[in-house]
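There are 4 protein chains.
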Amino acid sequence: MAPETTETMTDRVARLAQSSAFGRFAGFTVTHAQDGKATLSMPFKAELGQYTGILHAGLIAGLLDTAAGFAGVSLDGTMVVASQMSVNFIAPAAGEQFRAEAAIIKAGRRQIFAESHLYAIKTADRRETLIATASVILLRVEGAI
Amino acid sequence: MAPETTETMTDRVARLAQSSAFGRFAGFTVTHAQDGKATLSMPFKAELGQYTGILHAGLIAGLLDTAAGFAGVSLDGTMVVASQMSVNFIAPAAGEQFRAEAAIIKAGRRQIFAESHLYAIKTADRRETLIATASVILLRVEGAI
Amino acid sequence: MAPETTETMTDRVARLAQSSAFGRFAGFTVTHAQDGKATLSMPFKAELGQYTGILHAGLIAGLLDTAAGFAGVSLDGTMVVASQMSVNFIAPAAGEQFRAEAAIIKAGRRQIFAESHLYAIKTADRRETLIATASVILLRVEGAI
Amino acid sequence: MAPETTETMTDRVARLAQSSAFGRFAGFTVTHAQDGKATLSMPFKAELGQYTGILHAGLIAGLLDTAAGFAGVSLDGTMVVASQMSVNFIAPAAGEQFRAEAAIIKAGRRQIFAESHLYAIKTADRRETLIATASVILLRVEGAI
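Protein chains in written order, with numbering that gives the first Met the number 0: chain A, 0 to 144; chain B, 0 to 144; chain C, 0 to 144; chain D, 0 to 144.
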């Protein structure tokens with residue numbers, strides 16, 4: 000038996016995540032990816048801040064988009080790209096840790112619809128705050144993990 | 000006369016841009032910001048790439064959002080935050096240089112509506128491709144530049 | 000005791016719904032509106048169809064927006080208007096009955112964020128299909144119900 | 000010569016518009032549709048109003064979506080459906096006449112990206128106000144006009 004048969008979908012998506020230079024810089028870590036659901040974690044660091052020091056909108060959008068994409072890939076390993084993303088910034092992005100959760104709500108023949116939620120976590124009291132949500136439309140592309 | 004009276008709005012917004020750690024890492028440069036219009040440039044580098052090597056969606060969204068925000072700030076120097084952003088990813092984000100252009104289409108009492116366009120530039124032939132567009136809603140916040 | 004003290008929030012929102020001429024034409028009926036959640040029903044009729052005979056996108060958006068607005072009003076009776084709506088059309092809008100469900104996910108000082116889901120119901124087998132989703136940003140305005 | 004050879008794309012799209020029962024009720028009139036651009040007019044009438052008497056959000060969205068769809072159809076006559084629409088409501092929808100203008104900004108292999116603008120017109124002084132904008136993603140479907 001080849002060793003890769005024991006690799007889970009989460010393992011495969013985590014490996015995909017490692018192939019993104021920006022994902023490595025930012026510190027995106029896949030903690031779950033299976034059956035159309037994915038969870039991504041990222042610790043805060045100063046280089047990710049905007050002018051007031053909290054998380055930059057590019058990272059907020061990047062986490063929401065990436066989690067949605069990984070949820071899409073986790074359906075059957077086929078690669079996807081985002082074609083549309085609508086983001087609501089609902090609370091200040093202040094925290095020491097961030098967690099993005101995405102779920103596929105409809106995988107159609109031509110488009111995959113995903114929803115993502117981003118939480119900021121204060122490590123002192125483990126309090127979590129929903130700071131942004133997104134709807135994402137994904138398209139399947141060539142390639143598979 | 001105080002020296003700052005000779006500082007243009009573009010200078011003031013460029014200084015604001017330099018106060019963002021993520022903006023410095025990514026290499027956002029403000030080339031114009033005045034009267035509700037702003038232009039932002041960024042050279043590509045490997046650390047900004049996703050798994051296939053082209054620009055990561057977080058940078059696409061970050062450039063569109065930041066250009067919109069700077070267009071909003073350029074109205075009168077009052078700080079703003081984004082509350083909603085709808086992004087269309089219309090072509091692959093491949094290029095050696097990126098330019099985001101934003102314009103305020105309505106500055107209301109409570110909300111400011113902006114539109115941003117992102118272009119990828121191939122340095123070989125200076126060909127520009129529109130790769131993404133966004134509508135952004137901005138809210139005024141405490142502080143001014 | 001004044002008779003209106005026995006009126007529920009659902010009653011008050013249903014009365015508001017009746018004050019909309021387009022809502023009466025389309026047949027919007029409020030079946031629930033309380034504590035930031037609202038449900039709206041509408042039977043299909045031929046006048047609401049687009050060129051292939053299924054529900055027109057204007058009604059899809061109208062139901063999603065109106066349900067979100069009623070969820071917002073149900074918080075404390077203060078009137079609201081939508082400032083942004085992002086709609087995903089995820090399945091054909093074919094059915095004899097439609098039901099929109101909305102919930103407030105964050106009621107901030109300046110903005111209220113809502114999410115709406117629209118279901119089509121085939122009366123033959125009572126099968127329900129999620130046909131569209133929306134994120135809606137609401138602003139409080141003068142007046143109350 | 001067959002008489003239909005003299006029919007313009009605007010004529011063909013106007014005929015399509017007449018096949019929509021809701022479009023006829025609302026009074027949508029196609030005034031231009033060619034090469035990826037379309038214009039739609041609609042006079043106000045009381046049945047189209049929301050609770051304060053101005054145009055209902057369902058009609059705002061319906062006009063923006065329909066204009067975008069007609070712009071898409073006008074490319075080569077192939078039918079389209081909307082899969083996503085992001086609407087910004089930027090000013091009160093008060094007027095005696097409404098005009099929606101849409102343009103295709105990118106017709107890709109799988110998706111067509113459109114932008115729509117909606118203007119309210121006060122007949123007394125012919126003053127026009129931009130009241131809403133939308134980005135719309137269209138998909139090609141079976142059929143042609």
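One should not assume that every hint holds.
No farther apart than 20 Å at their CA atoms in a straight line, the calculated lysine to any residue pairs in the SDA-like style are these [to be verified]:
| # | chain 1 | residue 1 | chain 2 | residue 2 |
| --- | --- | --- | --- | --- |
| 1 | D | K105 | D | V80 |
| 2 | B | K105 | D | R98 |
| 3 | D | K105 | A | L129 |
| 4 | B | K105 | B | R139 |
| 5 | B | K105 | C | Y118 |
| 6 | A | K44 | B | Q17 |
| 7 | A | K44 | B | E46 |
| 8 | B | K105 | C | R109 |
| 9 | D | K44 | C | R98 |
| 10 | C | K105 | A | G107 |
| 11 | A | K105 | C | R98 |
| 12 | D | K44 | C | S19 |
| 13 | D | K105 | A | L138 |
| 14 | C | K44 | C | K121 |
| 15 | D | K105 | A | V80 |
| 16 | A | K105 | D | K121 |
| 17 | A | K105 | D | V140 |
| 18 | A | K44 | B | T132 |
| 19 | D | K36 | B | Q17 |
| 20 | A | K44 | B | R23 |
| 21 | B | K105 | D | H116 |
| 22 | A | K105 | C | Y118 |
| 23 | A | K44 | B | F24 |
| 24 | A | K105 | C | L138 |
| 25 | A | K44 | B | S18 |
| 26 | D | K105 | B | K105 |
| 27 | B | K105 | D | S19 |
| 28 | C | K44 | D | K121 |
| 29 | D | K121 | D | A93 |
| 30 | B | K44 | A | K105 |
| 31 | A | K44 | B | E127 |
| 32 | D | K105 | B | E127 |
| 33 | B | K105 | C | L138 |
| 34 | A | K105 | C | T128 |
Source of the hints: derived by calculation from the structure; they are not laboratory data.
Violating hint indices (sorted, rising)
3, 5, 9, 10, 16, 18, 19, 24, 26, 27, 28, 30 and 31
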